Amino acid sequence: MEGRRGGKRYSTERKERQKNVKPETTPSSPETPESKAQSEVKCEDTEQAACESQKEDERLAKEAEEKQLISDYVKEMEEKYKVRKMYKDRNANISEYRPEDSDFVKLDSSLKKNTAFVRKLKTFTESQKESLLKELKTLNLTKYISEVATAIVEAKLKMSDINAAIELCCLLHEKYSEFCEVLLENWQKVLLQKKDDKVTNQSKFRVDIRFFAELISVGVLPEKGALNILSNQLNILVNCDKEEHSNVSIIQSFCRHCGSDYAGLVPRKYRVLADKYDLTVPSCPTLPVEKQKGCRNLLKEYHNSIVSQLLKDHKALKLMEWENRRIILTKGELNADRQERYETMKAAYNKLLSNVQTLSDLVDEEMCELPEHKFGGDDLDLEFNAAQQFEYDGETSLYEDEEMQQFYEKLLDLRAIVPQILLKDSQVSQAPSPDKAEENSEANQKEEDLKIEDVEQELLEGGDGAEPSSNEADNEAEELMLDEADPADTNAAEDTMATTSQLLYDKFLSDLPTCVNRELIDRAAQDFCMSHNTKSNRKRLVKVLFNVARTRYDLLPFYARLAATLYPCMPDVSTELCNYLTLDFRHLVRKKDQIKIETKIKTVRFIGELVKFGMYTKTDVLKCLKMLMFDFTHHNIDMACALLETCGRYLYRSPDSHHRTRIYLEVMMRKKTALSLDIRYNTLIENAFYYCNPPSSQNLVRENRPPKHEYIRRLLYKDLNKLSTEKILRQMRKLDWKDPDLKDFATDSLTAIWNVKYGNIHCMANLIAGLAPYHEDVVVQVVDGVLEFIRTDMEINFPKYNQRRVCMVKYLGELYNFRLVDSAVIFKTLYSFITFGVSYDNDMPSLLDPPPHLFRLRLTCVLLDTCGQYFDRGSTKRKLDYFLIYFQKYLWFKKASPYWDMDCPFPMSIDMMVRDSLELVRPKEVFSQSYLEANQKAEKLNDEFKEKLSGLLPFHDPECEDEGELAPIKEVDEELSTSQNKTSEEETSPSQPDTRSHPGSQSQDPNNQLTVSISDGEDLTASPEHEGEFEMKQKGPKHMTCPEDDDFMAAFDKMLVDNIQQRSHETLKVTQTDIAVPTNYKSQVRKPFVAAKDSMVEQTSEGNSPPLKFALMTKKGNKTQFSTLDLNVSQQFATRYREREMEEKAEKEKMKQLVLEINERQEEEEQALIEAGKSLIPNTNREKKIKYQHQKGAPDADLIFGSGPKNTTKR
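No gaps in the numbering here: position 582 of the sequence shown is 598 in my numbering, and each next residue is one more.
One thing to keep in mind: the hints can contain errors.
The following label-pair restraints were derived from C-beta to C-beta distances [what the hints assert, rightly or not]:
id : residue 1 : residue 2 : range
1  : Arg749    : Arg135    : 40 to 48 angstroms
2  : Asn698    : Lys390    : 29 to 37 angstroms
3  : Trp916    : Gln819    : 20 to 28 angstroms
4  : Thr360    : Pro815    : 49 to 57 angstroms
5  : Arg749    : Ser862    : 41 to 49 angstroms
6  : Tyr707    : Ala352    : 20 to 28 angstroms
7  : Ser862    : Asp919    : 17 to 25 angstroms
8  : Pro815    : Trp916    : 18 to 26 angstroms
9  : Gln218    : Arg135    : 22 to 30 angstroms
10 : Leu386    : Arg820    : 17 to 25 angstroms
Calculated directly from the structure, the hints in this document are not laboratory data.
Values in this document were obtained by computation on a predicted structure and should not be read as measured data.
C-beta atoms are modelled at their ideal positions from N, C-alpha and C, and glycine is treated no differently.
Input sequences plus hints: build the corresponding full structure.
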């Protein structure tokens, strides 16, 4: 009521405010600056007043909603406590309502019904309450009280079933005095008993604890013992769950349903609203106020513990987010394991936060504020952003994909596998010296101030470290020569010590080039540590790694991984390898010769791979790049581009090397623009630059479609396959096809076959065939869309849509395979491929089909491959044979085009594809071998058609006669031909035969107009007065559909169906005009009967009517008797009798003639097949007589009785 009053007052106040607003009148005088300023002020005041009015309306609406909410809550609590008070008062005076012992004698105490009642209690729901209460009044459960109590306690109730279960327990307590004690004992068995007990089924325990508390509140269970049990349950739930907080749902349920009874708790939102609007929330406490305080403190203690847990998780989550952000900024992406841990922690935190918010409201506590933790993230972001001023905004990963990242970062931990005793000789502490650290810090500081102009100036002046001095280069060359000579010395020394271990090590080194994946190279590193870890072997391993074959670029990543894997255990391997590569690089750059390009590229690629493993410092590799840019010509361009393609992206995306790498890339692009380089070098430079710094690509904007549209696309384009066609058909039939928008989208999706996998196009056609009986208009639209797309693309001829055209043609063929289109559509499409826009004059090529354009050949082959094998009989076989003749002419015309020559031959793939398609449809056919032969066959076929048409048309066009060509045939409308045929049928006399029964026949109508019927069903009319001209007949009245026609057809169909159903139940009886004369009596009366019949006919003609003899059959008892009966027959009776016999005889002759014609036609067809070379296979089983085979051991009756074939043996 209060909420309704508030809403009414809100509407009244709004109407009053609207009445008080007066319309402003505008003066008619011209506007002055002062009046303009005043009007602006008034406008501002009006807008401000409207804004305040809107805010006031929102406030009043919110107040009305709040009042309605609190009033509904108060009303609900009043009804709840009213029912509870009724139950409690009745249970307090239960002795007054309890029945006498004599009353139980009248009730049913049978075992069957009582056990059935107990079983129903185990599956108790609120819907069963009425039936169970009715049964309870008729049963005597005195002996089954313990079973009843056990069933109630063990029942899996829901929160909505609690009130019904309370009512049932109250009736049981009222009827049976021992019920409350037995029920309490069963509750003690189910509830928690020890402090260490865990709740196994929280959903059931949540309902049980509320059920138990409600039973105490209504007085079914005694407060003395039951309250102690309930207090013990709450203590166990709270005190044993202060860390995990897994029982928070149980505590929330107890506070929501029983908090006001046992702890005096009112949810915070309702208490605040009640205080705001001066309302009192009703209460009916089960416990006194002193005891409620203890329960309330227990619940708030649990709330405080879960709040502290929330703060800890909040801090841990923020710390992980900061660490993840730092890792993303430094490395570019997160590890999959770390990402999974973060998502798990965030999900647990969100669930805990929701539980804390709910519990805070239930225990009437304010929600705690979550602090903002700072872990130095701002300083880190500023520092990184200061160094990270690169242009790209896309992917920031150091590697191209996750697999490559794992290859370069996740290395085998040899220390955890190899025993330490095998590594004691090779482990050397590698700590950077302070001087080097200071130099690195100074170098990093200098790099921040580095500019492109400074680098270009250094390169022009031959800056520091750009090129080594001649003395240094000579020393390095000597060292390399010594190093190259060392293997020979070591080999000589090893030859003298050819031990088993050396032979095994030689085998190990010879197998290294076969380690072409991560598992094999990791196994090689492990084998080296376990079996070959000596100083001489390590030096030899370095030499082998350094002297890798110059063309084996594929081994460089794996050799670099081997060195990186061995680095924690034996750092001297990677250190010496890096020194060798550095000396070799400087030596090759100083030589400046244009040889050994493969060796140079191998060296820089090896350095790049070691950089990505962290074995070669970024500073050193940038110095190498600077040396190459000093003389940016010839092989130096190849080496620089190879180095950037190997590790350029890694250097560009690393924060500590990004700045200098970006400057070097800019310098390289400027040199490309300034220098006149070869096209190959320009391509190499651009590829290297865009590999390091890919151009920013716009993200594709995904079209937002309705959920139903997305569902249709998923069904058709992703889920459709051979196995799911039936399932998707059922889903498509369930769509709302009455919705025009959804229907149009589904039709377009069914037409856009290019979105489906090519191998699943037949599944789409199968789906369309399944929809055809239910939505025929959709199938028609799909077929029209396919044909229109094929024709439109032939007009556009845009290569971008070639794949779509192939899919559409394949789709059309599959639609024919599923009988959704006729063969005429297929042949019309095939002929359009070789005729539409085709010019057979090489001097005047067609724009729609130029000579180098061969895609129509592919489309024709696709359509033939899809459905051509079904054109193997009847008229379709002849049509396909005709088409293949014209298709060969088109093919050879394309092959004979002057466009194709020795330099540009005709594509072999097209030729083979056409040959395969033709052999598939006509495997035994001999096809043309030249354009002349194909053209002759086509001309011959044209001549045959001209002869047939000239035989059908006895008139010719005079102009065409002079030229020796056929006259053009004008097409006549189908309705015209239909009406014309009907007219000729009506005007033709019955005695004249029907001349339109066969295609190609001629008929003469009464108007002296010659009607010619062609095989395709079109009629042509010509007047003999004007030869060579055609006259179009006027169309007859057009049939207009109306609702009465539909009603008539519906009534007619119903009548027809009813008549058919009625006649189907009737027994079909054949009327017999004559009864056959028995054989034994036939011989006696045959001659007189025949003589009488002949004489009857003769005398009938003379006018006399002699008696006719009939055989009268009678039955006496079980015997049949015959007697002769003479009847006088009139002339009319004899005539009718004779006519009937003649009709029967004529019908028999007609059937005989039909049978003979069928046999003759079959013989002609067999003879034609034999002449064509296809001999029929005779049926050898037709005349074969199968002799009965006797069982083993059975006597031969033919031999015994002599009934078999006679033996010709001599006696």
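Evaluation of the provided hints:
Against the hinted window of 40 to 48 angstroms, the Cβ-Cβ separation of Arg749 and Arg135 comes to about 43 angstroms, which satisfies the hint. Evaluation of the 29 to 37 angstroms hint for Asn698 and Lys390 yields a failure: the beta carbon distance comes to about 51 angstroms. Against the hinted window of 20 to 28 angstroms, the Cβ-Cβ separation of Trp916 and Gln819 comes to about 25 angstroms, which satisfies the hint. For the pair Thr360 and Pro815, the beta carbons lie near 51 angstroms from each other, so the given range of 49 to 57 angstroms is met.
Separated by about 46 angstroms at the C-beta atoms, Arg749 and Ser862 satisfy the suggested range of 41 to 49 angstroms. Taken as a hint, the range 20 to 28 angstroms holds for the pair Tyr707 and Ala352, whose Cβ atoms sit roughly 26 angstroms apart. For Ser862 paired with Asp919, a C-beta distance near 24 angstroms keeps the hint of 17 to 25 angstroms intact. At roughly 19 angstroms, the beta-carbon separation of Pro815 and Trp916 lies within the given 18 to 26 angstroms, and the hint holds.
The hinted range of 22 to 30 angstroms is satisfied by Gln218 and Arg135, whose Cβ atoms lie roughly 26 angstroms apart. At about 56 angstroms, the CB distance of Leu386 to Arg820 disagrees with the hint of 17 to 25 angstroms.
Violation of the numbered hints given earlier is confined to hints 2 and 10; the remaining hints are satisfied by the structure.
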